[in-house]
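**Student:** All chains, please: the whole structure from these sequences, using the hints.
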Amino acid sequence: MPMIQATDGPIWRKRTPLKQWLIWGGWLVGLCIAVYAWQLISEKTIWMFVWDAPRQMADIGTRMVPPDWSYMDKLWRPVWDTLNIATIGTAIAMVLAVPIAFLAAHNTTPHKSVRAVMLFIIVGTRSVNSLIWALLLVVIVGPGVLAGTIAIGFRSIGGCAKLIYEAIEEIDQTQVEAIEATGGSRAQQMVYGIVPQILPTIAGVGVFRWDINVRGSTILGIVGAGGIGVQLNASINVLAWTQVSMVLIVILGTVFVSEYISAKVRGAII
Amino acid sequence: MLRLENLSKRYKTGDLALKNVSLEIPDGQLVALIGPSGAGKSTLIRCVNRLVDATEGKIHLGDREITGLSMAELRRARRRMGMIFQEYALVERLTVMENVLSGRLGYVNFWQSLFRKFPKENVREAYRLLDRVGLMHMADKRADELSGGQRQRVGICRALIQHPELLLVDEPTASLDPKTSRQIMRLIRELCEERGLAAIINIHDVALARMFSERVIGLKLGEIVYDGSPDGLTPDVLTEIYGEEDWEATIEKVEDDDESEASDDGRAA
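Protein chains in written order, with the working numbering: chain A, 272 to 541; chain B, -11 to 257.
Be careful, since some hints might not be right.
Simulated crosslink set (DSS-like; lysine-lysine; CA at most 27 angstroms straight-line) [as the list claims (entries may be wrong)]:
id, chain 1, residue 1, chain 2, residue 2
1, B, Lys7, B, Lys208
2, A, Lys383, B, Lys0
3, B, Lys129, B, Lys167
4, A, Lys535, A, Lys433
5, A, Lys345, A, Lys383
6, A, Lys535, B, Lys208
Treat the hints as calculated values from the structure; they're not laboratory data.
**Tutor:** Given below as structure tokens:
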């Protein structure tokens, strides 16, 4: 349609005039909603606190420096715990995620109902924040590293399984067909036809998830599930701001290192 | 001997891909299956090893009826039929050796295949086959490092290590250049002669079909419209199979010469 016949030849437009006006209208409505929402937020804000914010920030800032470097002695162990929570949690998640992914992918699932159950597990574990899992698990298995590890593992199953089953659904089916044509069984078709195709994905997802989990596990200590968060919580509770800043520096360093490692490993896989 | 009796295939979409096809292929015969796209060539080949299940009709390989087999029996029957694919269908991230050995999957159990513990004879035979097709030095390369012609040779080795009686070959040259196409076709023919294998080769290239097969079957809209010698492919017959076109040039060039340059004229469809 958008070809218009003019006297000096045809003119081409991407959209018809009506569509063009509708798009402009859409932007206008969006803008109005944003203005209205801003007004609502503004009404419910106690502006005195907001104006005061820079001064408060400066106040905490000055209390935080210099960081209490000697506190580092007590932080090595929690940092180690944090890394263990992330690593073992990720390992548990991956071990569970791979079979779940095979049962969930529509080209490998034994039955539609199995697929439905697996998708439910994937959505269920993904939608609950690891902090909430940790909160529950601290009650069930008691405070400490174990609760944190299981929480991180549970939270990661869904995300890992989702990425892996999507990779399974996108494989080149002719490679599997070729294995089928040789007389290979279903299990052999998986091992020869599918696994080699998704192996890079599995490795990539594992490293990516580990990186996320290092960050995630630093906070779990807040609810008593082990790791460096326990120290952070304790220091905030006693208003030991120089210790808080020390913990924050350590967290930053840990995340930085994990990011570096995962980037290196991912580079090596691809 | 392969025997198809009144084979029909209707896809779920309602398309009738094969209509009452009956044919017999004696041991050791090399048959080219030609016809326009959508004529049912691939469907026919896939019905034979039941990658696609025929709607009606029977398939006999030797004294075995393929159509009624259980899953386990079908696996055993598939070992006797080697398949070679258009886009090679190698497992790209496995090595050449693993790809060749995967032809033995119907014979070894799951754990042997998982840990790549294939019997010694299989490994030796894999080396012999790779040597035969000139890829001995590539055994430990990953399949995705190979060129098209090399990949197809690996595909051929994978099919042969099954010890088949029959090769099902689906457009083996469609992704290859004219010279490599001829080399691959010649290799398939030689190996079939050496081992007394029968083969059904789907092929778009009429000139190649004439050069390398002993018998040509023309398929049109799921029905056999020609079954005879390659020399019988006159312009009238080709018009019957494919429709009106100037076929003289296609038929002229039949000399089987490795170095022939003007060899792309025959790309019919």
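**Student:** For each hint, tell me whether it holds in the structure or not.
**Tutor:** Taking the hints in turn, this is what the structure says about them:
For the suggested pair lysine 7(B) and lysine 208(B), the alpha carbons sit about 10 angstroms apart, so the restraint of at most 27 angstroms is met. Distance hint between lysine 383(A) and lysine 0(B) is fulfilled; the C-alpha atoms sit about 19 angstroms from each other, no more than 27 angstroms. The straight-line distance between the Cα atoms of lysine 129(B) and lysine 167(B) is roughly 24 angstroms, inside the 27 angstroms bound, and the hint therefore holds. For a cut-off of 27 angstroms, the pair hint linking lysine 535(A) to lysine 433(A) stands: about 24 angstroms separates their Cα positions.
Of the supplied pair hints, the one linking lysine 345(A) and lysine 383(A) is violated, its CA atoms being roughly 52 angstroms apart against a limit of 27 angstroms. This hinted pair does not check out: lysine 535(A) and lysine 208(B) have alpha carbons roughly 56 angstroms apart, beyond 27 angstroms.
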